[in-house]
Amino acid sequence: MFEGTKYFIDGLLGFLTLKTIFDIFWSTQLGIIVGMLPGLTATMGVALMTTLTFSMPPENAILILVCMYIGAIYGGGRSAILLNIPGTPANAATAMDGHPLALKGEAGRAIGISTTGSFLGSIIGMALLALFTPLLGNFALNFQSFEFFWLAIFGIVISGNLTAPKDPIKGWISGFLGIFIALIGMESIHGFVRFSFGNTNLAGGINLIPAMVGAFGFAEILSMMKYQQVNVVKTRIERIIPRASQILKYKKTIVRSGLIGTLIGAIPGVGEDIAAWVSYDFAKRGSKEPEEFGKGSIEGLIASETGNNAAVAGAVIPVLSLGIPGSAPAAVLLAAMFIHGVRPGPMIMIESPDFVYKVVAMVFLATCAMFILGLSMVRYVVKILQVPRTKLMPIIFTLCVVGSFAIQSRIFDVRVMVFFGILGFLMNEMEYPVAPMILGLILGTMLDTNFRRALVIAEGEILPFFSRPICLVLVFFIVLTLVSKTKWFNRIISGLKQAVQKLFHKRGNHG
Amino acid sequence: MVKKDFITSVVLIAFSLSVIVSSYTMPRLERRGIDPFSAPGVVPGMIGLILLCLALILFVRSVRRGGYLLFSPDTQQQGGHRGAAWRVLLTLVISLIYAIGFLGRIDYTLATILYVFSFIVLFEYRWHEPLNNQLKIFGYALLQALVAALLITLVFRKLFLVDLP
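Residue numbers (the working numbering), protein chains in the order written: chain G, 1 to 511; chain C, 1 to 165.
FYI, nobody ran anything at the bench for these hints, they're computed from the structure.
Careful: at least some of the hints might be erroneous.
[Said to hold, decoys possible] Computed cross-link-like contacts, DSS-like style, restricted to lysine-lysine with a CA-CA straight-line distance of at most 25 angstroms:
{"#": "1", "chain 1": "C", "residue 1": "158", "chain 2": "G", "residue 2": "226"}
{"#": "2", "chain 1": "G", "residue 1": "391", "chain 2": "C", "residue 2": "136"}
{"#": "3", "chain 1": "C", "residue 1": "3", "chain 2": "G", "residue 2": "166"}
{"#": "4", "chain 1": "G", "residue 1": "226", "chain 2": "G", "residue 2": "251"}
{"#": "5", "chain 1": "C", "residue 1": "4", "chain 2": "G", "residue 2": "487"}
[Said to hold, decoys possible] Sample of chain C residues with no beta-carbon within 10 angstroms of chain G, all distances over it, derived:
{"#": "6", "residue": "32"}
{"#": "7", "residue": "43"}
{"#": "8", "residue": "128"}
[Stated by the list, open to error] To spell it out: a stretch of chain G is covered by chain C in this simulated footprint if at least three of its residues, at any positions, have a beta carbon under 8 angstroms from a beta carbon of chain C; those stretches are:
{"#": "9", "stretch": "189-197"}
{"#": "10", "stretch": "308-314"}
{"#": "11", "stretch": "381-394"}
{"#": "12", "stretch": "480-493"}
Every residue, glycine too, gets a C-beta built ideally from N, C-alpha and C.
Please work from the sequences and hints to get the whole structure.
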């Protein structure tokens, strides 16, 4: 614990140079702008930044990426409030109450409250990141091939379930399709090339960054161009800094949303959008004024913004401790760490524990920069929202091209980006979530290697996959996730609930 | 959506079957004396089977809901949908020409100028109005295309030392 605090302070002091502070501010501001602009998501921003920071020292590069990530998730709230279009999917719940507030002429107040909510959410997430990463990392040291196989399956199943709540089958299809895509190219055990059809580029496999830039960048451009231009709400932005009493009134909602956001963020492949919706839903259920939700409720706005920013730090927990991303932008962050020679995973607490706390310090600095920038220059920055999308989208596409090309200097990667852009767009149209596919793309190699290795260790026996204690827990959660949406399961649960209620009612009467 | 589900389920069934077949026919590398459980086709075969099961569930569900009636009256598109489809198609075509046709064949800066300029003009030009009233669109589009292309080239190549296509 004390060692962790020492590493954190050392990390923090190490970043407090004039150049690093400048880097923190420009990258966070850029993140806010990227997040604000519909069509540019946090994933896309972090992917582009990975390209730009390619030649920088690892710690500086990762710091800039964390700033971009936090800035973008926060920035998306601006367009949700002023345009009723979430800048990133994470801010969809923000639009529910933020936009009605703007229509009432309280855009400034809404921006101030969303900034404070994001700040507090991020701080709660950061504290939990510092607390749980070492615990989870140490626990994961017990994992062997059997557990890693189930962990990959669990990631896909839960991500599919939560990103496609109406129809989880589509989420699972997306996830397993991602695993298949990860199997293209040379496999790591025998060096055999699979599904390349003689193409030397495909033999090298599909790179994550071009795939993500396509699925989250180009697909978004195509989706945005479907619609005509939307007008910004013409409102005067007056007082931005919220009153302390206003925030203190909702302290319970803030803490609850922070905890929910971090937890959902930490679930593999689930991300900030789900975190915001779940926080919003819980806030509505626990509110004294649930009828105000959707009409400009301050509580609703705080809940969604606290939840989504807490999820950022939450999504970094499995990145560092398991080498599995909690969200799509965290997946790019994970890829960037690998590019810069950092190997996150269970061994990180043994090999470089200081790095974990450096990331905590990065989150802290980015959060502070976001808070300062979020409450200043608002009137000028929102002017960017007035740029028509017909002028903005071609620039974003040229950035998609550069972002996918630059890391390996291959035109093939530009083609991969275009392919995943079209695939992502079609998937959106057919209501298949893209996030599980990307998670599958990351977990595919882990699943492939560990499944075959485990089979060899067990000499073809299937029993060890089910008899080891951690495997049993993972299998239990996988089955629970698979059956949780079925009618018969819900019938059993509601039957059990009624039986328990009756039992307590009887006891109460006797008492 | 049921019709879309029906079509995607058929595509997915065909796809997963082809994955299963190619995994089964994949070399098992017996000559190299490797453990058959670590053969390269094991995991793709398993993923193909899982995808097949999921696609079959989707297929049965969509058939039950009448998704196979592909040409029933509600498939006719409304005007708004048609406009959106055209905008998407136009975006796709010019972006493909730029990314697949131009890049790697002509200079990056020139390709970017052409792309940005044509994108803005195609979407902002009002076809039913006379050209003389809209010369401004061409001027501004050219200016933006020049500034954007030169700035991206300069910032990425010189400042961040990044390779461009």
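Tested hints:
Only pairs whose Cα atoms come within 25 angstroms are accepted, and residue 158/C paired with residue 226/G is rejected, the gap being roughly 36 angstroms. Proximity of residue 391/G to residue 136/C is assessed by CA-CA distance (about 14 angstroms); at most 25 angstroms being required, the pair is judged to hold. For the proposed pair residue 3/C and residue 166/G, the alpha carbon gap of about 17 angstroms is at most 25 angstroms, so the pair holds. At most 25 angstroms may separate the alpha-carbon atoms for a hinted pair to count; residue 226/G and residue 251/G exceed this at roughly 40 angstroms.
Pair hint residue 4/C plus residue 487/G holds up; C-alpha atoms about 24 angstroms apart against a cutoff of 25 angstroms. Its closest Cβ contact with chain G, about 7 angstroms, brings residue 32/C to no more than 10 angstroms, contrary to its assignment away from the interface. With 10 angstroms as the threshold on Cβ separation, the claim that residue 43/C sits away from chain G is violated: the shortest Cβ distance comes to roughly 4 angstroms. In this structure residue 128/C is separated from chain G by more than 10 angstroms, as the shortest Cβ-Cβ distance comes to about 16 angstroms.
Coverage of the stretch 189-197 of chain G by chain C holds in this model, with 5 residues showing a Cβ closer than 8 angstroms to a Cβ of that chain against a need of three. Look at the stretch 308-314 of chain G against chain C: 0 of its residues bring a Cβ nearer than 8 angstroms to a Cβ of that chain, fewer than three, so the hint is violated. Chain C is given as covering the stretch 381-394 of chain G, and this holds because 5 residues of the stretch bring a CB closer than 8 angstroms to a CB of that chain, at least three being needed. Beta-carbon proximity to chain C at under 8 angstroms applies to 0 residues in the stretch 480-493 of chain G; the threshold of 3 is not reached and the given coverage is violated.
When each numbered hint is compared with the structure, violations occur for hints 1, 4, 6, 7, 10, 12.
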